[in-house]
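Student: This is what each chain is made of:
Protein chains: 2
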Amino acid sequence: MAKGFTVWFTGLSGSGKSTLAERVRDILLERGMKVEVLDGDEVRTNLSKGLGFSKEDRDTNIRRIGWVCHLLTRNDVVAISAAISPYKAIRDENRKLIGRFVEVYCECDIDTLKGRDPKGLYEKALKGEIKNFTGVSDPYEPPEKPEVVVDTAKEDIDTSVQRIIGTLEQLNYIPAGDGRGYSDDEEESIKQRLKDLGYI
Amino acid sequence: MAKGFTVWFTGLSGSGKSTLAERVRDILLERGMKVEVLDGDEVRTNLSKGLGFSKEDRDTNIRRIGWVCHLLTRNDVVAISAAISPYKAIRDENRKLIGRFVEVYCECDIDTLKGRDPKGLYEKALKGEIKNFTGVSDPYEPPEKPEVVVDTAKEDIDTSVQRIIGTLEQLNYIPAGDGRGYSDDEEESIKQRLKDLGYI
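Chains as they are written, first to last, in the numbering used here: chain A, -4 to 195; chain B, -4 to 195.
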């Protein structure tokens, strides 16, 4: 019986968290795991209704998502969170609570994000029409020791997905899959990173 | 692999929900199931911080617990909720969302509850020191078709627990256990109730 773990995406709005979360979910489901993605409208409706974007409310939201990930993880489900989660301290609290926790930092420079901006959010935030917008008018604290960094401005999505899957394999959270999607060099680089950070 | 379900306790403060929830959890854990009890301080801290006791806030709280039970249930975990959950419509919403849902109504007359009152809550509520106290100054809507009714003023806890376990067995949510804790007559009465209500 596979044990649960949490994949915690963090990064600015538009940095690719949800897209990557769904791709990772699909691969894990195909491998027979139980997976829940906590993301977007469903979380806002079902878990965080009434919360705003002050630091306190953001912290409450991220702690709450963390607690649900904790319940799922300890019952052998893979929980995937795709919230911005701007504050390091609260992400680290969740890491401590959950234990089996893989942090994926979706890095992406702000100019690329402004260029993408499919919902026009950055434009509105820059005009001051949205307050407390992370990366524009609200802080974002990047993780110091994320298990995975993906740079969605520079690398294609398959590369990012395969690095995440490779990391889960190297951590022995999932068995090595058939038809590995990454090279020996990439595997070596994943291993080296996890060793350098003290995760393996 | 056992499938998940939700046992939803409902009833006034002090009616025995938490005690029964823990007893049922222990029996299901002994039978090798995965079980989470959503109750009390842990829920208030981790899920419902900031919510009060207005009808709207209570509804939000009960919907939120229901959503977490839904996530657990669809991942083959047994979720047990022990919240007062005073409003029928929201409990029924949760029943619909979750599907595999067993409602346990903890009946107990108010005089018995006032007599027990281990935390002095009824005394304070009757003096007006606690506002919106269910059963005193806030409504409680009993369920119309609960799978199980336990009367904790009149029956001992083992009888209540065995009726709940017997109901889970009759619904085929759990396999029949060794050393059944209830008589043939009790089994017949459980079956008859579930048939009369259209649950089997």
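Mixed in with the good hints there might be a few duds.
All copies of an identical chain are treated as equivalent in the list; a pair is satisfied when it fits inside any one copy or across any two copies.
[Said to hold, decoys possible] Below 20 Å or equal to it, Euclidean Cα-Cα: the simulated DMTMM-like pairs (lysine to aspartate or glutamate) are:
1. K126 with E181
2. K91 with E37
3. K50 with D106
4. K29 with E150
5. K190 with E136
6. K119 with D173
7. K50 with E183
8. K44 with D54
9. K122 with D34
10. K50 with D180
11. K83 with E51
12. K83 with E181
If you are wondering where the hints come from, they were derived from the structure by calculation, not from laboratory data. On a predicted model such as this, the values are computed, not experimentally measured, just so you know.
Student: Look at each hint and say if it fits the structure.
Tutor: Going through the hints against the structure:
1. In this assembly of identical chains, K126 and E181 lie within 20 Å of each other by CA distance neither inside one copy nor across copies; the values are 40 Å within and 62 Å between.
2. In this homomeric assembly, K91 and E37 come within 20 Å of each other (Cα to Cα) only across copies, at 17 Å, whereas the closest approach inside a single copy is 25 Å.
3. For the homomeric pair K50 and D106, neither the shortest alpha-carbon distance inside one copy (25 Å) nor that between copies (46 Å) is at most 20 Å.
4. When the C-alpha separation of K29 and E150 is checked against a cutoff of 20 Å, the pair qualifies neither within a copy, at 28 Å, nor between copies, at 40 Å.
5. Taking the closest pair of Cα atoms, K190 and E136 never come within 20 Å of each other, the shortest separation being 23 Å inside a single copy and 58 Å across copies.
6. For the identical chains of this complex, K119 and D173 are neighbours neither inside a copy (45 Å) nor across copies (64 Å), given an alpha-carbon limit of 20 Å.
7. Proximity of K50 to E183 under the C-alpha cut-off of 20 Å is found in neither arrangement, the shortest distances being 39 Å within a copy and 57 Å between copies.
8. Both within a single protomer and between protomers do K44 and D54 lie at most 20 Å apart by alpha-carbon distance, with minima of 14 Å and 12 Å respectively.
9. Taking the shortest Cα distances, K122 and D34 never come within 20 Å of each other, neither inside one copy (26 Å) nor across copies (45 Å).
10. With identical chains, the CA atoms of K50 and D180 are never at most 20 Å apart, being 41 Å at best within one copy and 59 Å at best between copies.
11. In this assembly of identical chains, K83 and E51 lie within 20 Å of each other by CA distance solely inside one copy; the values are 14 Å within and 33 Å between copies.
12. In this homomeric assembly, K83 and E181 never come within 20 Å of each other (Cα to Cα): the closest approach is 27 Å inside a single copy and 56 Å across copies.
When the structure is compared with the earlier hints, violations turn up for hints 1, 3, 4, 5, 6, 7, 9, 10, 12 and for no others.
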